[in-house]
Structure formats: structure tokens, C-alpha cells
Amino acid sequence: MNSVAIIGGGASGLMAALFAARGGADVTVYEHNSSVGKKILASGNGRCNIINTTATHADYAGSDPRFVTYALKQLNFHYFQSLCHSIGLLLDIKEDGRCYPLSNEAKSVLIALKSAVSQAGAHILTESLVTSIAQEGEAFIVTSSNDKRRYDRVLIATGSEAAPQLGATADGYAFARSFKHEIIPTYPSLVQLHLSSKYAPKMAGVKTVAKVTLMIDGKKEGSVTGDILFTPYGISGLAILDISQKASHALLHKQRVSISLNLLPQFDTQALTNTLEKLFAVIPTQNIQNALCGLMPAKIVTYLLDDAGVVLSTHVSMLNPKEVKKIAHLIGEWKFEVTDTHGFKHAEVSGGGVSTAQINPKTMESKLIKGLYFAGEVLDVVGKRGGYNFNFAWASGMIAGKEMAK
Numbered sequence: 167m168n169s170v171a172i173i174g175g176g177a178s179g180l181m182a183a184l185f186a187a188r189g190g191a192d193v194t195v196y197e198h199n200s201s202v203g204k205k206i207l208a209s210g211n212g213r214c215n216i217i218n219t220t221a222t223h224a225d226y227a228g229s230d231p232r233f234v235t236y237a238l239k240q241l242n243f244h245y246f247q248s249l250c251h252s253i254g255l256l257l258d259i260k261e262d263g264r265c266y267p268l269s270n271e272a273k274s275v276l277i278a279l280k281s282a283v284s285q286a287g288a289h290i291l292t293e294s295l296v297t298s299i300a301q302e303g304e305a306f307i308v309t310s311s312n313d314k315r316r317y318d319r320v321l322i323a324t325g326s327e328a329a330p331q332l333g334a335t336a337d338g339y340a341f342a343r344s345f346k347h348e349i350i351p352t353y354p355s356l357v358q359l360h361l362s363s364k365y366a367p368k369m370a371g372v373k374t375v376a377k378v379t380l381m382i383d384g385k386k387e388g389s390v391t392g393d394i395l396f397t398p399y400g401i402s403g404l405a406i407l408d409i410s411q412k413a414s415h416a417l418l419h420k421q422r423v424s425i426s427l428n429l430l431p432q433f434d435t436q437a438l439t440n441t442l443e444k445l446f447a448v449i450p451t452q453n454i455q456n457a458l459c460g461l462m463p464a465k466i467v468t469y470l471l472d473d474a475g476v477v478l479s480t481h482v483s484m485l486n487p488k489e490v491k492k493i494a495h496l497i498g499e500w501k502f503e504v505t506d507t508h509g510f511k512h513a514e515v516s517g518g519g520v521s522t523a524q525i526n527p528k529t530m531e532s533k534l535i536k537g538l539y540f541a542g543e544v545l546d547v548v549g550k551r552g553g554y555n556f557n558f559a560w561a562s563g564m565i566a567g568k569e570m571a572k
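Using the working numbering, the final residue of the sequence shown is 572, and nothing's skipped along the way.
Keep in mind the hints are simulated off the structure, nothing from the lab.
Positions of the beta carbon are idealized from the N, C-alpha and C atoms, including for glycine.
Do not rely on the hints blindly, as some may be mistaken.
Said to hold, decoys possible - Result set (SDA-like, lysine to any residue): computed pairs, CA atoms no more than 20 Å apart in a straight line:
| no. | residue 1 | residue 2 |
| --- | --- | --- |
| 1 | K385 | F502 |
| 2 | K364 | A464 |
| 3 | K511 | K386 |
| 4 | K572 | E293 |
| 5 | K364 | S248 |
| 6 | K273 | Q247 |
| 7 | K368 | N456 |
| 8 | K364 | Y469 |
| 9 | K492 | H481 |
| 10 | K465 | S362 |
| 11 | K377 | L461 |
| 12 | K550 | K568 |
| 13 | K368 | K511 |
| 14 | K488 | K511 |
| 15 | K412 | N456 |
| 16 | K501 | E489 |
| 17 | K239 | H481 |
| 18 | K420 | L430 |
| 19 | K386 | H495 |
To be verified - Quick list of simulated restraints, FRET-style, between CB atoms:
| no. | residue 1 | residue 2 | range |
| --- | --- | --- | --- |
| 20 | A523 | Q301 | 30 to 38 Å |
| 21 | A224 | L418 | 20 to 28 Å |
| 22 | L418 | G460 | 40 to 48 Å |
| 23 | S298 | M167 | 38 to 46 Å |
| 24 | T435 | G212 | 37 to 45 Å |
| 25 | T222 | D258 | 20 to 28 Å |
| 26 | G460 | K492 | 17 to 25 Å |
| 27 | A523 | S298 | 20 to 28 Å |
| 28 | K386 | G509 | 47 to 55 Å |
| 29 | S483 | P330 | 51 to 59 Å |
Please take these sequences and the hints and turn them into a complete structure.
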């Protein structure tokens, strides 16, 4: 029977513990928090977007996004759904592929998973901070805040630096480095953005739907339509989280990052120009500020017109065609420079991490150190918003767990 130490009681660590214990291994999970699964509980605003039925390597970023392919095939959705049923967890499957526990509570996921891990015979040590992992022959010595123990296999499933308020640390990277693993520079992902703008703070609290286009060094890198929310530091909202991975990665590499907002994404510039001209013809004595308030939030109208250099009290009948077109163009392409992200504290996940070039994708074992495994967010793998990060955490944890029990 292999003795297995799992460092980290998050999604990948608990999944690994379940499969390793079911495979006959003597499993100990080390968790430095007072309880396991804190990120599980916090995910999806407490609902836990547990997986996505559509996941492929195209939904991930990293030095080698295809690294996830084997793991995702091994834990395909139908297998995962069956596994959930086997531990008493039913799923609510949405049309877009996102899945939640039927209870709509993240707590359900953790209760079911933790119970299954315990029933399988794994031991969970909370408030047990691992301070070092050393190799001794073919075995490993794990030193924690409580004691020192010897194991045949070790899994590093410590997660990333994202959300330190939930206990996140960079410990896993330090352990990996001690075994000569390369760490790809880390950066916040699924995170809000800071803007260089005198207008954004004045519009703080205003929420609307917009098409957000990301520009890196002047080149378009993709567009997303969804909610945006102006904040005192810049901008948030689901559409911003969706483009944040590429933006954050570019900022890390000192590239120039900007976004443009189409505040009425149902129109192109010409169609909007025509619509505005027809609207203004109907209400010629209305001032431009009031005229646009039927189309967009009032605060946005005020500062967009200021940026356009149009006096708010101007009657729409006084605007010439060139001015109307300028307003339409700004509504469809209001540009802002991105200066920073809102940091790891506010990020849902992290990009970068342990280089996947040094990990076997079919076993999650280190190519450098026999018996040392990695799973989940500690690796240089980051998914899109929508359950993809959990998807890889479950899959990589399952594979590592099975392998460590052999």
C-alpha cells in the first residue's frame, strides 16, 4: 500500500484524495486553513459553477494549452456526472454548458466531496501548514507545523496566489522550485481592470451591457459582449473578467493594453448614426444630454459627451451631421487605457505556475522527480470563466489520485 501526502485541500486535492484512497492508498491531506474547500464555497457567488460540459483545450491558456486534453477526456462530463451521482450530488445543467449543484449551493459540493473522501478512508489534517518537502531515497519527508512524516508519493495541489483572503499562498511554487521545477511567471486572471481615465471614477456604480474589445499593442485580441460595471479604480463586470486573462498576461509582459467599449452593441456605427439622426428629427428642441438618456445610463451620457467635446445643453437640431457621426462613433468605440489589474486579492484564479513541460499529462507526475505529482491551479494552466478551472482541477486531481495509488 502506497502512503500518499496531498498538500492542499482544494478541488484538485480532494479529488485526488478520493481516487487515491479508493485505489487502496493510505492518504493524508494537509490543509493549512481551519477547513478544506474554501475556494469551492466561494465560487460562483456561493453557487459553485462546478464544471462545463463543453470544455476543450481551446478554453485554456498557458505555455501549452493542449496539456489539458488527456485529462479532460479522462474526466468527460458523463463520467463526472456519474461520479457526482455516486456521492449524492445532483447537477443543474444549463444550456450554455455550465453546471451547478441542484441545490444551487456550493456547500452541497463540499459536503458531498468531503464525505466521500472520508468514507474512502483518507485522513484530512486541517490547520496543518506544510513547511518543507524533502526527498530521502525514493521516499519523501513532509514537515508540517504539527509533525514530520514519511510518504511514498506526494501531490502538490496548493493552488495559486489568487484570493489570499481565502488562504491562498505561493507555497506550491516554492516546493516546486526546491525540486528544480520551472515556474512560469504568475499573474491574476478573471479579475477587474484599472483604467487611466478621469471619467471612470465619476461613473462608479454604473452598470450596463457593452461589447468590450481588447487591444494589445494596438492589435485587436478579441471581443466579448456582457455586463460592465464602472468602479473607482476602473472597470469590472462579467465581460471584463472574460477578457482579463489576455489583458493581465500582456501587462505582465509590459505590453500596451487598452479596451474599447461599444455601449450599444446592437448597432454598428452607420446604423447608430442613422438611428440618432431619425431620433433627433423627432425631438429637435431636446438637448443632447436628455436625448441620449433614453439609450444609455445618464452618467455615461454625461461623460461620453464631455469626452466628445459636445456641450450638454446643445439642442439636437443644432448638431451637424459630422457631430452626430462623432457621437455615434464614440458610443460604438469609447477607448480606455488599461494600466493594471485589481490584483490577486480580487482575482478568481491565476495564470502561470509550474511549467507543464516538466509534467507528464497522462499521470500528472513530475518528469524530474519520480513519485512527485502536481494538480490543479498550481500548474501553468488557466481556464476561462464558466466552470473550466474546476474542470481541470477535478480532472488533474483524479488522474494524480489514480496514479499515486498504483
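A quick look at each hint next to the structure:
1. The straight-line distance between the Cα atoms of K385 and F502 is roughly 14 Å, inside the 20 Å bound, and the hint therefore holds.
2. Taken as a hint, the K364 and A464 pair is honoured in the structure, with Cα atoms around 17 Å apart against an allowance of 20 Å.
3. The suggested pairing of K511 with K386 is violated, with an alpha-carbon distance near 28 Å, which exceeds 20 Å.
4. Restraint check for K572 and E293: the C-alpha separation of about 29 Å exceeds 20 Å, so the hint is violated.
5. Under the criterion of a C-alpha separation no larger than 20 Å, the hint pairing K364 with S248 is inconsistent with the structure, at around 52 Å.
6. With a C-alpha separation of about 18 Å, the suggested pairing of K273 with Q247 holds against the 20 Å cut-off.
7. Among the hinted pairs, K368 with N456 is consistent with the structure: their alpha-carbon atoms are about 19 Å apart, no more than 20 Å.
8. The hinted pair formed by K364 and Y469 meets the criterion: a straight-line CA distance of about 9 Å does not exceed 20 Å.
9. Straight-line distance between C-alpha atoms of K492 and H481 comes to about 16 Å, which keeps the hinted pair within the 20 Å bound.
10. Taking the CA atoms of K465 and S362, the gap is near 18 Å; set against the 20 Å cutoff, the hint holds.
11. Between K377 and L461 the alpha-carbon distance is near 15 Å, which keeps this suggested pair within the 20 Å criterion.
12. Under the criterion of a C-alpha separation no larger than 20 Å, the hint pairing K550 with K568 is inconsistent with the structure, at around 26 Å.
13. Between K368 and K511, the direct Cα distance comes to roughly 24 Å. Violation of the 20 Å bound is thereby established for this hinted pair.
14. At roughly 45 Å between alpha-carbon atoms, K488 and K511 are farther apart than 20 Å, so this suggested pair is violated.
15. With a C-alpha separation of about 37 Å, the suggested pairing of K412 with N456 is violated against the 20 Å cut-off.
16. A threshold of 20 Å between alpha carbons decides the hint, and for K501 with E489 the separation of about 18 Å falls inside it, so the pair holds.
17. The hinted pair formed by K239 and H481 fails the criterion: a straight-line CA distance of about 62 Å is larger than 20 Å.
18. Among the hinted pairs, K420 with L430 is inconsistent with the structure: their alpha-carbon atoms are about 31 Å apart, more than 20 Å.
19. This hinted pair checks out: K386 and H495 have alpha carbons roughly 17 Å apart, not beyond 20 Å.
20. Checked against the given bound of 30 to 38 Å, the beta carbons of A523 and Q301, roughly 21 Å apart, lie outside it.
21. Hint check: A224 to L418, Cβ distance near 22 Å, so the stated range 20 to 28 Å holds.
22. Taking 40 to 48 Å as the suggested C-beta distance range, the pair L418 and G460 conforms, at roughly 42 Å.
23. The given range of 38 to 46 Å is broken by S298 and M167, whose C-beta atoms sit roughly 25 Å from each other.
24. The hinted range of 37 to 45 Å is satisfied by T435 and G212, whose Cβ atoms lie roughly 41 Å apart.
25. The supplied range of 20 to 28 Å is met by T222 and D258, whose beta-carbon atoms lie about 22 Å from each other.
26. At roughly 19 Å, the beta-carbon separation of G460 and K492 lies within the given 17 to 25 Å, and the hint holds.
27. Take A523 and S298: their Cβ atoms lie about 25 Å apart, and the range 20 to 28 Å holds.
28. Between K386 and G509 the Cβ separation comes to about 26 Å, which falls outside the hinted range of 47 to 55 Å.
29. Distance hint check for S483 and P330: the Cβ-Cβ separation is about 56 Å, which falls inside the suggested range of 51 to 59 Å.
Comparing the model with each earlier hint shows violations of hints 3, 4, 5, 12, 13, 14, 15, 17, 18, 20, 23 and 28; every other hint is respected.
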